[in-house]
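Protein chains: 2
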Amino acid sequence: MEAVYPHGVTPQAMQAALAAFAGVVGSEWVLASENDRDTYLDAYALGDGHNHAPGAAVAPASVEEVQALVRLANEHRVPLWPVGRGKNLGYGGSAPRLPGTVVLDMSRMNRIIDVDAKFAHALIEPGVGYFDLYNHLRDNNLPLWMSVPGNAWGSVIGNALERGIGYTPYGDHSDMLCGLEVVLPQGDLIRTGMGAMAGNKAWQHYQHGFGPDWAQMFAQSNFGVVTKAGLWLQPEPEMSAKVTVHLPAFEDIAWAIDALAELRRRDVIQHNLVFGNYLHDASVWSQRADWYTGPGAIPDSAAQAIIDNYNIGWWSFTLRLFGYEGTVKAHMRVIRDMIEPRLGKALEFTEWRQGDPAEQSARGIPTVLPLQIVNWHGGRGGHVGFSPVMPPDGALALAQARRMKARFEEAGLDYYTSFTMGRRHISNVNLLIYNRDDADMVARSKALFRTLIADAASAGYAEYRTHPEFMGDIAQTFDFNGHALARLNAQVKRLLDPNGVIAPGKNGIGDAA
Amino acid sequence: MEAVYPHGVTPQAMQAALAAFAGVVGSEWVLASENDRDTYLDAYALGDGHNHAPGAAVAPASVEEVQALVRLANEHRVPLWPVGRGKNLGYGGSAPRLPGTVVLDMSRMNRIIDVDAKFAHALIEPGVGYFDLYNHLRDNNLPLWMSVPGNAWGSVIGNALERGIGYTPYGDHSDMLCGLEVVLPQGDLIRTGMGAMAGNKAWQHYQHGFGPDWAQMFAQSNFGVVTKAGLWLQPEPEMSAKVTVHLPAFEDIAWAIDALAELRRRDVIQHNLVFGNYLHDASVWSQRADWYTGPGAIPDSAAQAIIDNYNIGWWSFTLRLFGYEGTVKAHMRVIRDMIEPRLGKALEFTEWRQGDPAEQSARGIPTVLPLQIVNWHGGRGGHVGFSPVMPPDGALALAQARRMKARFEEAGLDYYTSFTMGRRHISNVNLLIYNRDDADMVARSKALFRTLIADAASAGYAEYRTHPEFMGDIAQTFDFNGHALARLNAQVKRLLDPNGVIAPGKNGIGDAA
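Protein chains in written order, with the working numbering: chain A, 1 to 513; chain B, 1 to 513.
Quick caveat, the hints were computed from the structure, so don't treat them as lab data.
Errors might be hidden in some of the hints.
If chains are identical, the list can't say which one is meant, so a pair holds when it fits in one copy or spans any two.
[Stated by the list, open to error] Okay, derived cross-link-like pairs now, DSS-like style, lysine-lysine, Cα gap no bigger than 27 Å in a straight line:
#1 Lys446 <-> Lys201
#2 Lys329 <-> Lys242
#3 Lys329 <-> Lys201
#4 Lys242 <-> Lys201
#5 Lys405 <-> Lys329
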C-alpha cells in the first residue's frame, strides 16, 4: 500500500522522525518499506485497511530505547501505536486507529525476567508470547500453569491489557497482572503498586500499593507504554477434570446460562467459559460451501445438517475443574447434580492427575487452531468481534440470541456467537466472519456492526473491547452525564500526552466530543 | 479545642464558606461549634490531635448537594475531607491530614439503593454501615452474606476505599466493588465501568468497562468523592466450617505461614486470615495491669503467664470454609493433612448448615468487640497501625517478627502484631497501643513508628495504609525513579483539583516533593 502519513505530518517530517528513531534503535529496526508497512496492516481489515494503515514501525530493545523513542515522538510530533506482538486479531491486529501512526512494536522486548516457582508468579516483558512462556515453564520443569486465550500466538501482556481472557481460574488476564512498569507519554518511567518503592520485595505479591492504583488505567488506554508486568500463575494442581457439554436446542441457552451462572457465583466453576454455537466447531472443521451455497445467511436446515453430521449441539461449552482430588470430585458431583437431569445423560469428565499427559489436563495449552475459522468463506478471510457485556441471565441471553440471529440473517451473514461467562457477567462475543475479497459482504458486515452497536445500547448493554474502526462509535455509547467519563479521560490524556503521541484515538480516548 | 483554619483561610473567609455550605445543606448540617469539631477529632490521636483538627464538618444528603458543596469549596478555597462514617480507627478516624480541613461527612447518604438476591450484589451509598447492610439482609431474609472488618461500625464503602479487609472470600473489599459513582473535585459526576453508559444493565456485573478503569483510582486517593458503589455479595452457601488454631511457640510462625500461604495459593483457604499474637485475645479480655506493672515492655515471662492462663497460643489464626458440603469436607481434609501433623492434635471445626444459628457459621457478623483493646493501659486509650506488605514467606515473617519485637521492646511498648494473609501477600499489621494521657508513652509510640517505617523500607517492604500523621513519611518511601509515581499523582491531582479542595495531603498525594 502507498505510504501514509499522520495527520499534519509531511513526508519530510516523517522521514526526519524515522531517521531520529533509527538513531535510537538502529536503522534495521525502523521498518518503513512498503513490504514492512503492509506487514503491520490488519490482516482481517473490513476493506483494504487504508483507514488504519501504519506509517511505519519501530522496534525497541529496552526500556531506555522506549523512553528515547517516546521523547523523539514528542519532538517530531509523530504518534506511536504500541503493540505487544501485534496479534490482536479480530480487534485490529497491529493496525492503529489513525492512519500514518507508527507501530511501536515491542516484540523484541521478550525477556522472561523472573519466574518464581514457590510464589507462582512471573515478571515479563511485553514481547513474551504465550508459546514463549509455556515453553519456558515446560523446559524448566516448573510446576506452574498459565491461562491462554483461544488463539494464543499473541503477547501475554498485550492480551491482558486488552482485557483478553482465558479458560482457567487465572483467565481474567488483566486481573492477574501484579505490578506494571510503564513509560509515560513524555518519557518518564513509573512502576505501579509496591514497585513504586525501589527494591520493594512484594511487587509481584500485592496488587494495589499505597494510594490510588494505576494498574488498570493502562489497560485499553493510551496513557503509557507498558514495558514490564508481573503475572500470577497457577500452581500445578493435584488433579484436573474437564468435560464438553452439547445442548441440542437453541432455547437451551435459557436454562443453561442460569445454571452455569449459579455454579460460577458459588465458585464451583472457577473459570471463564465459552458458551458457543455450532459454528464454533463447524467453521474450524469445514467450509461453508460444504453445507450451503445459496443466497443469504446459512438457513436453519443447513445448521441442523451440520449439527447432525458432527453430532454436536446447537450450543456447547467446556467446564474445567482444578485442585486437590477431593475438591475436584466434590465439584464434579455438584455439576452432575445440576446439569445431568436437564441433559438427560451422564457427563463424561476427562480426568488428569500429576504425571498424566498435558493434553489430558484442563490446563491452558497455547494453540492457534481456531484461527481456521477465517477460511469459512474461502478467499482472504477475516473476522471482527462484537462483544457487549450483559447480566448472566438465561432469559436475557435467549432474547439477545434471538435478536442477534435475526440481525445476522437480515444482513445475510452467518450467525457465529458465544456467550463468554465471567465471574459475574456474560459477554456476548459475536464474530462477523467475511471474505475480504467480497466487497458486498464486507459492506454488509460493516453496516451490521453499526446496527448491533445501536441495538445493544438501546438494550442497555455496552461493549468491553472493539476494533479500531468502531472505537469511536462504541465510545459514544458511554453517555452517562453527557459522556462524563470521556471528558475525564480526555482531560487526563491532554495532561499526560499533550502532543498526542501515544496511540491517538485508542478506545475513543481524546476524540473530539 | 480552639477553632482551626485551613492554611491561608481567614476566620472571616471560613465563616463565609460555612454560610454558603449552609445554603446547600441547611444550617443544621454545618457542624462548627467547639463540641461539633471535637466530635470529628481522631479519638486515638497520638497527642492532642491538633495537627489533624478539622475546621468544621458539613453533611450533605444527596449527590447534588455534594456537587454544590464541592463547587463552593472551590469558590471559597476551603478544603473538604470526605469520610463515610468517620470510623477509620487506628488510621485517623475522621480527622483530616491538614488542620482546618472541613470534614465532608457522608453519613446521611445511607441508602441501600438496591440489593439483587439472584445476582448477589448491592448498590449503596457511602453512609451505609456494616450493621445497616447486615440488618437489611437479615430483615429481608435475603440469602446473601457479606464480609466485615474486625471492627465493623464503619462505612462499607469507606472501608473498601481505604483497602480494608474482611475474613471471607469477599474480604478484599476494594476488589469487591463493582461500579462507582464519583463527584470530581470541580463538581462533575462520573460513573466507572459499565455505568459510564446511562441505563447500562451490567454496571454491577462487570468491573472494568471500556477503556481505562478508574475504579481503583478513587481508593486511598483525593481524586474525587464517591457517592455510590456496587458491591458483590456472597450467596449463602450450603455449608460453612471454621476452626481457630493456637500455636504454642514464637518460632511456629515460620512453618505456619508457609503452610497457610500454600493453602491460600491453592485456593483451599479462600479468605484473608489474621495470624495474630497472644495480645489479640489478652487485650480484649484483660488489662495490662492484670499481668504486669513494671517498667518497659511486657516481659516474655508475663506473656507466658497470659498464654498459660487463657490456654491460648503465642500465635493463633482462624480458618473458614464455605461452599457445598462436599467441597467444605474435602478442604477440611486437606487442611487437616497439612496442619495436624505439625500441631500434634486434631482440629475441631465448627460446622454450620443452612438453618443453623448465624453465630455458628463462618459468615461475617458485624461487631465492635475488638475495640476493647484500647483499654489495655487504662486511661484514654488509642492505637495506630503500622502495616508493611511482605511476601508470604515463613522465614521472612519470622525474621520480621524478631526485628519488630525487639523494636517494640526497645521503645518500652508491648508487641501487638498480626500477619494478615491475603491472596498472595502478608501484611504485617502491628498495633501501637498507648494511653493518650501518658505523654511519654505517646512520644515513644510516635518515635517507634518512624523507626519502623525506616526499618521496613530498608528491608524492601512498604505500607499499604497509614494514619494521616505518617502519610507523608510513608509516601516518601515510594522512591522508584525519584518518586516517579508521586510525580504522576501530583500532576493528576493538580489537573483534577487545581484549588486542592478534596482531601489535601491524603496519602501524600500532591505533597511538595
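Going down the list of hints, with the structure as the test:
Taking CA atoms no more than 27 Å apart as the test, lysine 446 paired with lysine 201 passes between copies only; the shortest distance there is 26 Å, against 49 Å inside one copy. Proximity of lysine 329 and lysine 242 under a CA criterion of 27 Å is satisfied in both settings, with 11 Å inside one chain copy and 22 Å between copies. With identical chains, the CA atoms of lysine 329 and lysine 201 are never at most 27 Å apart, being 37 Å at best within one copy and 36 Å at best between copies. In this assembly of identical chains, the alpha carbons of lysine 242 and lysine 201 never lie at most 27 Å apart, being 37 Å within a copy and 32 Å across copies at closest.
Proximity of lysine 405 to lysine 329 under the C-alpha cut-off of 27 Å is found in neither arrangement, the shortest distances being 38 Å within a copy and 45 Å between copies.
Hints 3, 4 and 5 from the earlier list are contradicted by this structure; the remaining hints agree with it.
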